[in-house]
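In order, the protein sequences belong to chains A and B. Quick note on the working numbering: the first sequence kicks off at 1 and runs consecutively. Quick note on the working numbering: the second sequence kicks off at 1 and runs consecutively.
Take these hints with a grain of salt, some might be off.
[As the list claims (entries may be wrong)] Computed list of lysine to aspartate or glutamate pairs in DMTMM-like fashion (alpha-carbon distance at most 25 Å, straight line):
id, chain 1, residue 1, chain 2, residue 2
1, B, Lys341, A, Glu93
2, B, Lys341, A, Glu163
3, B, Lys341, A, Glu89
4, B, Lys341, A, Glu395
5, B, Lys341, A, Asp400
6, B, Lys341, B, Glu212
7, B, Lys341, A, Asp98
8, B, Lys341, B, Glu270
9, B, Lys341, B, Asp268
10, B, Lys341, A, Glu251
11, B, Lys341, B, Asp201
12, B, Lys341, B, Glu136
If you're looking for bench data, these hints aren't it; they were derived computationally from the structure.
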Amino acid sequence: MKAILPALALALASTAPSLAQTYAVTNGRVVTNSAQGIIADGTVLIRDGSIVAVGADVTIPDGTEVIDADGGWITPGLFAPFTQIGLIEVALEGSTTDAGANDSPYSVALDVTDGFNPAGTHIASTRMRGVTRAAIYPSTGHNIFAGQGGLVNTSGESDSVFENGSFVYADLSQSGASTAGGSRPAAWAYLEAAFNDARGYPGRFSADHEGDALNRFDAQAFLPVVRGRVPLVLNIDRAADLRRAIRFQAENTPVQIMIEGGAEAWLVADELAAAGIPILLDPLRNLPASFDEIAATLDGAQRLHAAGVTVAYTTLTSDGYYNARLITQHAGNAVANGVAWDQAFRSITLTPAQIYGVGDRYGALANGYAGDVVVWDGDPLEVMSSPTAVLIDGEMTEMDSRQTRLLNRYINITDETPFAYRR
Amino acid sequence: MTRKAWMPALAATAAMGLAACSAGTDSDGSGSAASDSDVVRHSLDPFPSTYTARESGTTLIRGGTVLDGIGGEIENGDVLIENGRISAVGTGLEAPDGATVIDATGRYVTPGVVDIHSHLGAYPSPSVSAHSDGNEATQPVTAEVWVEHSVWPQDPGFEAALAGGVTTLHILPGSANLFGGRGVTLRNISARTVQEMKFPDAPYTLKMACGENPSRVYGNRGQSPATDMGNMAGYRAAWIRASDYRDSWHDYWEAAENGEDATAPTRDLELETLMGVLDGEILIQMHCYRADQMAQVIDMSEEFGYQVTTFHHAVEAYKIPDLLAENGACAAVWADWGGFKMEAYDAIRENLALTHANGACAMIHSDSDMGIQRLNQEVAKALGDGRRAGLEISDGEAWAWLSSNPAQALGIADETGSLQTGLRADVVLWSGNPYSTYTRADQVWIDGALSFDRRDEDQQPVRDFMLGQPGEGEQ
Numbered sequence: 001m002k003a004i005l006p007a008l009a010l011a012l013a014s015t016a017p018s019l020a021q022t023y024a025v026t027n028g029r030v031v032t033n034s035a036q037g038i039i040a041d042g043t044v045l046i047r048d049g050s051i052v053a054v055g056a057d058v059t060i061p062d063g064t065e066v067i068d069a070d071g072g073w074i075t076p077g078l079f080a081p082f083t084q085i086g087l088i089e090v091a092l093e094g095s096t097t098d099a100g101a102n103d104s105p106y107s108v109a110l111d112v113t114d115g116f117n118p119a120g121t122h123i124a125s126t127r128m129r130g131v132t133r134a135a136i137y138p139s140t141g142h143n144i145f146a147g148q149g150g151l152v153n154t155s156g157e158s159d160s161v162f163e164n165g166s167f168v169y170a171d172l173s174q175s176g177a178s179t180a181g182g183s184r185p186a187a188w189a190y191l192e193a194a195f196n197d198a199r200g201y202p203g204r205f206s207a208d209h210e211g212d213a214l215n216r217f218d219a220q221a222f223l224p225v226v227r228g229r230v231p232l233v234l235n236i237d238r239a240a241d242l243r244r245a246i247r248f249q250a251e252n253t254p255v256q257i258m259i260e261g262g263a264e265a266w267l268v269a270d271e272l273a274a275a276g277i278p279i280l281l282d283p284l285r286n287l288p289a290s291f292d293e294i295a296a297t298l299d300g301a302q303r304l305h306a307a308g309v310t311v312a313y314t315t316l317t318s319d320g321y322y323n324a325r326l327i328t329q330h331a332g333n334a335v336a337n338g339v340a341w342d343q344a345f346r347s348i349t350l351t352p353a354q355i356y357g358v359g360d361r362y363g364a365l366a367n368g369y370a371g372d373v374v375v376w377d378g379d380p381l382e383v384m385s386s387p388t389a390v391l392i393d394g395e396m397t398e399m400d401s402r403q404t405r406l407l408n409r410y411i412n413i414t415d416e417t418p419f420a421y422r423r
Numbered sequence: 001m002t003r004k005a006w007m008p009a010l011a012a013t014a015a016m017g018l019a020a021c022s023a024g025t026d027s028d029g030s031g032s033a034a035s036d037s038d039v040v041r042h043s044l045d046p047f048p049s050t051y052t053a054r055e056s057g058t059t060l061i062r063g064g065t066v067l068d069g070i071g072g073e074i075e076n077g078d079v080l081i082e083n084g085r086i087s088a089v090g091t092g093l094e095a096p097d098g099a100t101v102i103d104a105t106g107r108y109v110t111p112g113v114v115d116i117h118s119h120l121g122a123y124p125s126p127s128v129s130a131h132s133d134g135n136e137a138t139q140p141v142t143a144e145v146w147v148e149h150s151v152w153p154q155d156p157g158f159e160a161a162l163a164g165g166v167t168t169l170h171i172l173p174g175s176a177n178l179f180g181g182r183g184v185t186l187r188n189i190s191a192r193t194v195q196e197m198k199f200p201d202a203p204y205t206l207k208m209a210c211g212e213n214p215s216r217v218y219g220n221r222g223q224s225p226a227t228d229m230g231n232m233a234g235y236r237a238a239w240i241r242a243s244d245y246r247d248s249w250h251d252y253w254e255a256a257e258n259g260e261d262a263t264a265p266t267r268d269l270e271l272e273t274l275m276g277v278l279d280g281e282i283l284i285q286m287h288c289y290r291a292d293q294m295a296q297v298i299d300m301s302e303e304f305g306y307q308v309t310t311f312h313h314a315v316e317a318y319k320i321p322d323l324l325a326e327n328g329a330c331a332a333v334w335a336d337w338g339g340f341k342m343e344a345y346d347a348i349r350e351n352l353a354l355t356h357a358n359g360a361c362a363m364i365h366s367d368s369d370m371g372i373q374r375l376n377q378e379v380a381k382a383l384g385d386g387r388r389a390g391l392e393i394s395d396g397e398a399w400a401w402l403s404s405n406p407a408q409a410l411g412i413a414d415e416t417g418s419l420q421t422g423l424r425a426d427v428v429l430w431s432g433n434p435y436s437t438y439t440r441a442d443q444v445w446i447d448g449a450l451s452f453d454r455r456d457e458d459q460q461p462v463r464d465f466m467l468g469q470p471g472e473g474e475q
């Protein structure tokens with residue numbers, strides 16, 4: 001038995017690269033997100049899972065599998081910055097969702113990647129629209145703390161989770177206020193108490209004493225946030241609450257705060273820029289959907305960019321598990337409302353990767369980056385465009401899903417083969 | 001543009017004297033049958049439209065690409081608006097004296113968007129408990145409620161939809177109930193009252209709901225319906241009562257008109273609406289996702305002698321386009337929403353295009369205060385996916401999904417939904433091809449009156465709610 005163990009371990013550790021081959025994606029408009037900018041007609045060479053050459057005059061070695069973009073676009077894979085893909089199969093069927101845990105005794109300690117299912121059917125339909133990487137987050141329930149988010153790819157493979165403990169998510173909006181006891185003061189007091197619990201860990205938990213807000217297990221999990229090693233993502237929309245968050249960050253150095261929501265962030269743009277707080281923003285939010293977001297506007301994204309705020313785009317108003325794939329439409333509408341195309345495209349590729357500290361590996365087409373490459377039949381931000389090929393870690397992925405199988409079954413309604421025999 | 005046979009001829013209804021006269025009165029003068037003055041008839045229109053169009057100028061929109069909403073596309077086309085109506089569509093039109101001439105070169109001109117499924121006003125922004133007025137979820141059959149009594153005309157969502165080119169919208173009650181109540185068709189204008197927004201002479205509709213929603217809402221309370229079979233039993237029990245009610249009124253009217261001594265039945269608001277459906281005056285708009293459930297509802301409609309005008313959401317319409325076409329039922333669908341419950345699990349992005357290509361009447365709908373702002377993009381997605389699946393559908397053909405098909409399914413296609421001479425001048429001038437993400441509505445006319453202009457803040461309505469708020473005047 002012992003003899004085969006090393007070989008097995010090696011195989012597990014190197015599944016993807018060992019199978020990878022060399023691909024050249026060529027004959028397309030290459031969006032690099034690097035100093036190379038946009039190459040009108042270029043080639044991306046990928047070997048053993050990583051990009052090894054990008055340019056207009058890349059020599060394609062013998063034996064390379066060539067993927068012809070046919071004059072279309074070649075881009076980095078999209079990075080959806082705040083989703084629940086792989087956590088929800090059918091939202092209204094609780095047995096199929098792992099997004100939130102209303103009845104758990106734990107909060108910060110919950111690791112959302114433990115619930116990620118790479119076989120979920122929405123993974124393929126998301127990947128087919130060019131999304132190759134995503135941050136996944138837990139939902140809040142009985143506590144302002146939802147737990148810890150992680151980073152995944154959309155390959156559908158068993159090794160899809162490539163980072164856990166990437167951030168802690170907490171709700172400091174009006175719903176968080178309600179959860180904490182009925183007011184914003186209650187929510188901020190709870191957050192302050194949780195910080196003190198983590199700072200006091202493990203000492204204050206000796207002899208079975210509990211924390212003011214967190215239990216021992218959650219306080220331990222919160223320590224990296226308090227120490228500034230893991231960002232704290234706060235769900236906040238209202239301008240006044242954003243200012244409170246800026247103050248909280250200043251008072252709790254070295255904590256790093258990020259904002260998810262940010263409907264009124266444009267009103268506080270300069271302060272957010274000065275504080276270095278990034279925003280995970282759905283650029284389509286423009287209705288006063290609640291009293292937290294009265295000032296929401298389609299011009300918000302453009303104003304935040306102009307002020308120098310780091311902005312990544314979410315699909316909050318479409319949903320985050322089934323239609324995270326609409327991220328290109330959301331970004332395209334940001335362009336329609338004044339954001340430069342390059343800026344908008346970065347907000348769904350390189351910027352999210354940078355926000356999560358993996359911008360040296362994902363979100364661009366440059367040497368040393370992962371072989372996440374998408375070939376499109378047109379401008380990726382146009383709603384009528386679609387990917388024709390998607391590579392993840394230098395591997396070609398399947399361009400079919402449960403949805404395409406249904407299409408193929410029903411596209412010819414007059415075929416005499418009974419439907420269940422059409423596969 | 002002719003109405004389908006199952007759509008009510010409103011003019012004929014009014015001429016029959018059904019419009020408004022109660023016992024012994026003839027106050028509105030509509031009692032055309034002179035001998036009828038003692039016959040009890042209840043008004044079919046107790047909350048009449050008070051809509052009046054704003055002043056329309058004479059406007060020539062010249063040199064754009066015109067999608068006429070009924071399949072046509074005219075390059076370098078012109079649209080002439082006079083007296084609130086489309087007076088000509090073609091090429092090389094002469095500008096009448098005094099006309100405002102708009103150069104549409106490089107831009108597109110289309111009919112205004114008609115959204116057949118909206119909850120604006122009934123579930124307005126902001127979402128607060130006091131304004132959560134879309135579902136009378138207190139019992140499964142509430143055909144007696146009318147959603148126009150829930151519409152808050154100050155919903156800022158209306159003007160956001162206008163900026164997306166929506167000129168007419170149909171507000172429906174929610175889908176908690178088997179019979180949710182009457183829908184109402186509105187002009188997308190700013191107004192102090194709902195009556196001012198009501199589309200003149202548009203037929204009433206009745207919202208029904210299949211599937212998971214009613215059985216979940218009532219099953220969770222331990223009452224019927226708790227299952228799909230409970231849903232069907234609930235509809236049928238109501239139709240049986242409605243049939244009896246209709247018979248009692250028809251018998252009464254026949255006897256009274258013959259001078260016999262007859263007593264009018266007791267009025268029942270719930271059954272009055274169902275009777276309107278059985279009499280072909282009220283159009284059924286039914287929330288239904290699954291193919292098998294739509295098929296059973298179609299059989300039920302035949303059992304009781306009414307027509308399902310439109311299945312809403314219809315995520316599995318693509319599985320039964322033949323059945324829908326054969327029964328004259330339309331499908332109003334999303335481009336790519338799905339997955340949120342089991343009955344939406346088989347949603348595919350090609351649903352709209354495939355249902356249309358296989359011969360059924362299909363259209364886009366929003367069911368969303370966000371989606372309604374970009375229905376042109378929703379159609380673009382459906383069109384792009386349909387073409388990639390090999391379906392040949394032209395740009396002009398697809399615009400029917402946004403205007404003439406929903407207008408047809410609302411019984412207003414002879415008034416709006418296409419750019420044809422004589423119709424209401426509900427027109428959108430787009431900044432470019434409206435199937436592009438980057439295109440926005442530049443100008444929107446309703447009955448020939450410029451109602452939205454992206455470059456002129458004076459032509460951008462702001463609802464009362466937004467006055468004095470931090471986001472006032474923001475789009």
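Worksheet item: Against which earlier hints does the structure fall short, listed by number upward?
Response: Checked against the structure, the hints that fail are numbers 2, 4, 8, 9, 10, 11, while the rest are satisfied.
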